[in-house]
Amino acid sequence: MIEVKNISQTYDSRSERDTITDVSLTVRENTITALIGANGAGKSTLLSVMTNLIPAKKGNVTIDGVDVRKIKTSEVAKKVAFLKQTHQLSIKITVRDLVEYGRFPHCGGRLKDTDHAKVNECIDYMNLEELSEKYLDEISGGQRQRAFIAMILAQDTPYIFLDEPLNNLDIKYSVEMMKIVHKLVSELDKTVVIVLHDINFAAAYAGHIVAMKDGKIYKEGTPNEVITTEVLNPVFDHDFHITEHDGKNICLYYD
Amino acid sequence: MVVKSLAKPRNLRAIAVIALLALLIVGATALYIYSRTYANANRLGVTMHPTAFESIMARIRPAMMSMIAASVVLAVVSLSFQTIVRSRVLTPSMIGFDSIFVGTQTVLVFVFGAYSVWFQNPYVNYFVTAGVMITISMFMYSFILRSSKNNVIFLLMFGLILSGIIGSGTRYLQVIMNQSEFFHVQAATMVNVNNINTNIANIAFPIMAVVVVLIVLRHRRLDVMSLGPDQAKSLGIAYERELRLHLILIAVGMSVATALIGSLTFLGLLAVNAAREVMKTHKHLPLFIGSSLMAALTLIAGQAVMELLQGAVPVTVIINLVGCSYIFYLVLKENKT
Chain U
1 MIEVKNISQT
11 YDSRSERDTI
21 TDVSLTVREN
31 TITALIGANG
41 AGKSTLLSVM
51 TNLIPAKKGN
61 VTIDGVDVRK
71 IKTSEVAKKV
81 AFLKQTHQLS
91 IKITVRDLVE
101 YGRFPHCGGR
111 LKDTDHAKVN
121 ECIDYMNLEE
131 LSEKYLDEIS
141 GGQRQRAFIA
151 MILAQDTPYI
161 FLDEPLNNLD
171 IKYSVEMMKI
181 VHKLVSELDK
191 TVVIVLHDIN
201 FAAAYAGHIV
211 AMKDGKIYKE
221 GTPNEVITTE
231 VLNPVFDHDF
241 HITEHDGKNI
251 CLYYD
Chain C
256 MVVKSLAKPR
266 NLRAIAVIAL
276 LALLIVGATA
286 LYIYSRTYAN
296 ANRLGVTMHP
306 TAFESIMARI
316 RPAMMSMIAA
326 SVVLAVVSLS
336 FQTIVRSRVL
346 TPSMIGFDSI
356 FVGTQTVLVF
366 VFGAYSVWFQ
376 NPYVNYFVTA
386 GVMITISMFM
396 YSFILRSSKN
406 NVIFLLMFGL
416 ILSGIIGSGT
426 RYLQVIMNQS
436 EFFHVQAATM
446 VNVNNINTNI
456 ANIAFPIMAV
466 VVVLIVLRHR
476 RLDVMSLGPD
486 QAKSLGIAYE
496 RELRLHLILI
506 AVGMSVATAL
516 IGSLTFLGLL
526 AVNAAREVMK
536 THKHLPLFIG
546 SSLMAALTLI
556 AGQAVMELLQ
566 GAVPVTVIIN
576 LVGCSYIFYL
586 VLKENKT
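Residue numbers (the numbering used here), protein chains in the order written: chain U, 1 to 255; chain C, 256 to 592.
Incorrect hints may have been included.
To be verified - To give an idea of the chain C side of the interface with chain U (calculated C-beta under 10 Å), a few residues:
1) 342
2) 485
3) 490
4) 562
Unchecked claim - Across the chosen pairs, the derived CB separations fall in these ranges:
5) 472/C with 120/U: 25 to 35 Å
6) 371/C with 92/U: 50 to 60 Å
7) 412/C with 198/U: 22 to 32 Å
8) 39/U with 581/C: 56 to 66 Å
9) 110/U with 382/C: 20 to 30 Å
10) 216/U with 472/C: 57 to 67 Å
11) 69/U with 503/C: 57 to 67 Å
12) 415/C with 72/U: 51 to 61 Å
Just so you know, the hints here were simulated from the structure itself, not pulled from any lab data.
Just so you know, these numbers come straight off a predicted model, no measurement behind them.
We put the CB at the ideal spot given by N, CA and C, even for glycine.
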């Protein structure tokens, strides 16, 4: 279980990063938790703090009851996998090479038979068999995103954190990606925390939504509890129109 | 399993390249020995006597050792530097090591004179120079990395400016010092392997070995670090700690090697990129071996050519000529894709 207690994160005024103040959150197991909010609301900062990418200035983050600061980075990597929004690689590597890096926390770079088996399994799971020897710059954006997910899967962690995985993906690939994320939870029993820009994707796929405003949690709950004008209007500082589709709230935000 | 993974086509390529480079180094070494023995004998029209050959060989051995050691150190620290700053076109020289080296020699001569202990005693000179280089780089690291949260780009900019300031200060001192002192400085800063002080080399070699071993042992971690700081951290690398360790090792390696053999700005850059180009791998272990061999080959062959031209062209000019043209090619090629 991952719990966040009274996290505050402030940067000096020169920093462009968002500030968060006194945020507490319990990550629900075996669910997709979506973080939504306007730019600068602190979603990505919260994600970075939760994954120990940035140490928290105040408050603490616990994984299964143990403070992350007391766990070695290499051990955290066996529990939590994190994918940042941009992954511009400066090196030319194949899909398989990338997925093999996912085994690093378990084997320190010396892949054994079990590691190779896991890599193959993840490549198969993400339907990347035919692309596995292709270089990352030779495949499409959607395929590349799948390759990165395969790497995260190879890391074999119960928790997966994704920071805006739909960026730069068209509708087809976005839906495909969200279906994959959904499968990770339903088939592989993973716990996923995801930052999403498109609220309707959160409404359609998430089990739990956390709406953030000005570095604080404004409201958290089931999609139908959060996707309401009372919550979204102040969170995004915009007038929303909510309709229902298949029992799920969907929002329209075009003036 | 080991055999299977070694037999992958990419690994075969790396092994072939390493074997070829090793052969070429043997050739270059032979050429270098020839250039210093029979070539000179032929030119003077005398026959090479075995005892004379043996006495020249006694001086060639430390030169060879120093060239190989310096090449390995420069190649290894350059590759590690390129990985942590995430750029293929940068080298540790850019953050000022070479200019600090030349600057220290110039100040020593300017302040104490060319015949003072500070400049003439090889031990004092070596330790002062290497010490100043290490001190300045550590000071720079601690100052910048603490105030800017491991911002490597800021470190690069600061280093570049610092090296510019030291460079112009050095040139100013060189202009106002008298001519004979200037020649002494020039002789001390030019790459010259033919009169390496064996005792100093014996002190420098173990330090170089430690630096190289510590960096090369981290090759798997460096592989992961080349995915970028965030991804590396997510995969369990203590990135900040590794970054600092590498910067320290780079500073020590650069200082010890440069103070021993002289400033070889382009050698590391040339060797690492050439190795990448021919080995077509991103794994650090083969690249460490390949670029070390490439650096040694370039330096020994350059030295042999210099000897054959009877010192008409200094070895740095040969390396910089090859290095610059190669960097041009690289930049133009990267620009196209």
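Outcome of the hint check:
{"no.": "1", "hint": "342", "result": "7 Å, holds"}
{"no.": "2", "hint": "485", "result": "5 Å, holds"}
{"no.": "3", "hint": "490", "result": "5 Å, holds"}
{"no.": "4", "hint": "562", "result": "39 Å, violated"}
{"no.": "5", "hint": "472/C with 120/U: 25 to 35 Å", "result": "29 Å, holds"}
{"no.": "6", "hint": "371/C with 92/U: 50 to 60 Å", "result": "53 Å, holds"}
{"no.": "7", "hint": "412/C with 198/U: 22 to 32 Å", "result": "38 Å, violated"}
{"no.": "8", "hint": "39/U with 581/C: 56 to 66 Å", "result": "44 Å, violated"}
{"no.": "9", "hint": "110/U with 382/C: 20 to 30 Å", "result": "40 Å, violated"}
{"no.": "10", "hint": "216/U with 472/C: 57 to 67 Å", "result": "46 Å, violated"}
{"no.": "11", "hint": "69/U with 503/C: 57 to 67 Å", "result": "24 Å, violated"}
{"no.": "12", "hint": "415/C with 72/U: 51 to 61 Å", "result": "36 Å, violated"}
In this structure, the earlier hints numbered 4, 7, 8, 9, 10, 11 and 12 are contradicted, and the remaining ones agree with it.
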